[in-house]
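Assemble the whole structure, with the sequences as input and the hints as a guide.
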Amino acid sequence: MGYRTAHKAALAALLLFSLPMPRVLAAETEDVYKLPCTEPDLSAEPGHLTKEAERSRLIDPAHPVAINLGPLKFEMPWAYIYPRPFSTHLNCNPSRKSIGIIFWIPDLKAPERDLWGIPEFHPRETDRSNPGPGDSIIRVTGIQYYGHGYPLKESSADQRIERLLRLYRDDGLEIINQDGLSKMQMKYTTGENDQYYFRNHTDSLLLSCMPVYCQAYLDLKDMNLTAQFAIRREVFRKHRQASEGIRTLLLRWKQQ
1 MGYRTAHKAA LAALLLFSLP MPRVLAAETE DVYKLPCTEP DLSAEPGHLT
51 KEAERSRLID PAHPVAINLG PLKFEMPWAY IYPRPFSTHL NCNPSRKSIG
101 IIFWIPDLKA PERDLWGIPE FHPRETDRSN PGPGDSIIRV TGIQYYGHGY
151 PLKESSADQR IERLLRLYRD DGLEIINQDG LSKMQMKYTT GENDQYYFRN
201 HTDSLLLSCM PVYCQAYLDL KDMNLTAQFA IRREVFRKHR QASEGIRTLL
251 LRWKQQ
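In terms of our numbering, the sequence shown opens at residue 1 and continues consecutively.
Derived from the structure by calculation, the hints contain no laboratory data.
Certain hints may be false.
Okay, derived cross-link-like pairs now, SDA-like style, lysine to any residue, Cα gap no bigger than 20 Å in a straight line [to be verified]:
{"id": "1", "residue 1": "LYS109", "residue 2": "ARG232"}
{"id": "2", "residue 1": "LYS73", "residue 2": "PRO211"}
{"id": "3", "residue 1": "LYS73", "residue 2": "LEU249"}
{"id": "4", "residue 1": "LYS153", "residue 2": "ARG139"}
{"id": "5", "residue 1": "LYS97", "residue 2": "TRP78"}
{"id": "6", "residue 1": "LYS73", "residue 2": "ARG232"}
{"id": "7", "residue 1": "LYS221", "residue 2": "ARG113"}
{"id": "8", "residue 1": "LYS238", "residue 2": "LYS254"}
{"id": "9", "residue 1": "LYS109", "residue 2": "LEU251"}
{"id": "10", "residue 1": "LYS51", "residue 2": "PRO61"}
{"id": "11", "residue 1": "LYS51", "residue 2": "ARG139"}
{"id": "12", "residue 1": "LYS51", "residue 2": "ASP31"}
{"id": "13", "residue 1": "LYS34", "residue 2": "LEU72"}
{"id": "14", "residue 1": "LYS97", "residue 2": "SER155"}
{"id": "15", "residue 1": "LYS254", "residue 2": "CYS92"}
{"id": "16", "residue 1": "LYS238", "residue 2": "PRO211"}
{"id": "17", "residue 1": "LYS238", "residue 2": "SER136"}
{"id": "18", "residue 1": "LYS97", "residue 2": "GLY149"}
{"id": "19", "residue 1": "LYS97", "residue 2": "SER136"}
Listed next, with one range per pair, are the computed distances between beta-carbon atoms [said to hold, decoys possible]:
{"id": "20", "residue 1": "LEU72", "residue 2": "LEU42", "range": "26 to 34 Å"}
{"id": "21", "residue 1": "ARG240", "residue 2": "LEU58", "range": "32 to 40 Å"}
{"id": "22", "residue 1": "LEU167", "residue 2": "PRO61", "range": "40 to 48 Å"}
{"id": "23", "residue 1": "GLU244", "residue 2": "PRO131", "range": "18 to 26 Å"}
{"id": "24", "residue 1": "LYS73", "residue 2": "TYR33", "range": "15 to 23 Å"}
{"id": "25", "residue 1": "GLU39", "residue 2": "LYS73", "range": "19 to 27 Å"}
{"id": "26", "residue 1": "LEU167", "residue 2": "THR126", "range": "45 to 53 Å"}
{"id": "27", "residue 1": "PRO36", "residue 2": "ASN177", "range": "49 to 57 Å"}
Small disclaimer: the values here were computed from a predicted structure and weren't measured.
Ideal placement from N, C-alpha and C gives every residue a C-beta, glycine not left out.
Written as structure tokens, this is what we have:
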């Protein structure tokens, strides 16, 4: 069973993290941080949590997981990784082609639950019982290192921006400065479907907005990293909080 397929199968059990754990289960569970790298046992007995759910509830949300992207080495807190690794994946080969992370803006905290497969951007949490209009979940997928020997799996933000500028050139393209972003205004632009970009010597960002949310493509050029993230349409002007939050977290976790 593949990693993400298995993750979906276990999702219902993993959502029970918030329940108090009987001490007997904790006492009888092996050291979760020393498990070998294997596929998890997702079997369940009637009336009991799956073994994976029991183990996952023992993992400290701040437990560092080694992740390598190209030559860059990180120790990412378990709760920030999207989707969260299984207990039997804490000690796997750290080298990845890409990694996902998830966090709140504006405070950059990790969500309480693993939100993989749950389309919530404003979930109620213990310390956030009534999320404000500026509080939103940022789901970051496909953070990837690029450089010599590390070809990109998908186009970078700069490549996408250049492609769209060429594509729209014959469609009455007009560049409008709007809140620090360059809006691509052309004959097909509507109030609900529009595109914006920003770029300088360290960052490039493309926002492709639809009625409900915007898909964002980010280049952290000084780190040779690209990323994609989703942001709700009503808070897309918080794009700077989201993109700077990604950089802040990655620098926080980066190993020297």
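Okay, the hints, checked on the actual structure:
This hinted pair checks out: LYS109 and ARG232 have alpha carbons roughly 18 Å apart, not beyond 20 Å. Proposed proximity of LYS73 and PRO211 is contradicted: the alpha carbons are some 37 Å apart, above 20 Å. The straight-line distance between the Cα atoms of LYS73 and LEU249 is roughly 13 Å, inside the 20 Å bound, and the hint therefore holds. For the given pair, LYS153 sits about 19 Å from ARG139 by alpha-carbon distance, which is consistent with the 20 Å threshold.
A C-alpha spacing of about 18 Å is found between LYS97 and TRP78, which places the hinted pair at or below 20 Å, so the restraint holds. At most 20 Å may separate the alpha-carbon atoms for a hinted pair to count; LYS73 and ARG232 exceed this at roughly 30 Å. Between LYS221 and ARG113 the CA atoms are separated by roughly 31 Å; this puts the pair beyond 20 Å, and the hint is violated. For the hint pairing LYS238 with LYS254, the CA-to-CA distance comes to about 24 Å; that exceeds 20 Å, so the pair is violated.
Using a Cα cut-off of 20 Å, the hinted pair LYS109 and LEU251 holds, with the two alpha carbons roughly 15 Å apart. Of the supplied pair hints, the one linking LYS51 and PRO61 holds, its CA atoms being roughly 18 Å apart against a limit of 20 Å. A threshold of 20 Å between alpha carbons decides the hint, and for LYS51 with ARG139 the separation of about 27 Å lies outside it, so the pair is violated. At most 20 Å may separate the alpha-carbon atoms for a hinted pair to count; LYS51 and ASP31 meet this at roughly 13 Å.
A distance of roughly 24 Å separates the Cα atoms of LYS34 and LEU72; the hinted pair therefore is violated under the 20 Å criterion. For the hint pairing LYS97 with SER155, the CA-to-CA distance comes to about 14 Å; that is within 20 Å, so the pair holds. Of the supplied pair hints, the one linking LYS254 and CYS92 holds, its CA atoms being roughly 18 Å apart against a limit of 20 Å. Proximity of LYS238 to PRO211 is assessed by CA-CA distance (about 16 Å); at most 20 Å being required, the pair is judged to hold.
Proximity of LYS238 to SER136 is assessed by CA-CA distance (about 9 Å); at most 20 Å being required, the pair is judged to hold. The hinted pair formed by LYS97 and GLY149 meets the criterion: a straight-line CA distance of about 12 Å does not exceed 20 Å. The hinted pair formed by LYS97 and SER136 fails the criterion: a straight-line CA distance of about 27 Å is larger than 20 Å. Range check, LEU72 to LEU42: Cβ separation about 32 Å, and the 26 to 34 Å hint holds.
Between ARG240 and LEU58 the C-beta distance comes to about 37 Å, which sits within the given range of 32 to 40 Å. Evaluation of the 40 to 48 Å hint for LEU167 and PRO61 yields a pass: the beta carbon distance comes to about 43 Å. For GLU244 and PRO131, the hinted distance range of 18 to 26 Å is satisfied, since their beta carbons lie about 20 Å from each other. At roughly 19 Å, the beta-carbon separation of LYS73 and TYR33 lies within the given 15 to 23 Å, and the hint holds.
For GLU39 paired with LYS73, a C-beta distance near 25 Å keeps the hint of 19 to 27 Å intact. Between LEU167 and THR126 the beta carbons are some 47 Å apart, a value that agrees with the proposed interval 45 to 53 Å. Taking the beta carbon of each, PRO36 and ASN177 are about 55 Å apart, inside 49 to 57 Å as hinted.
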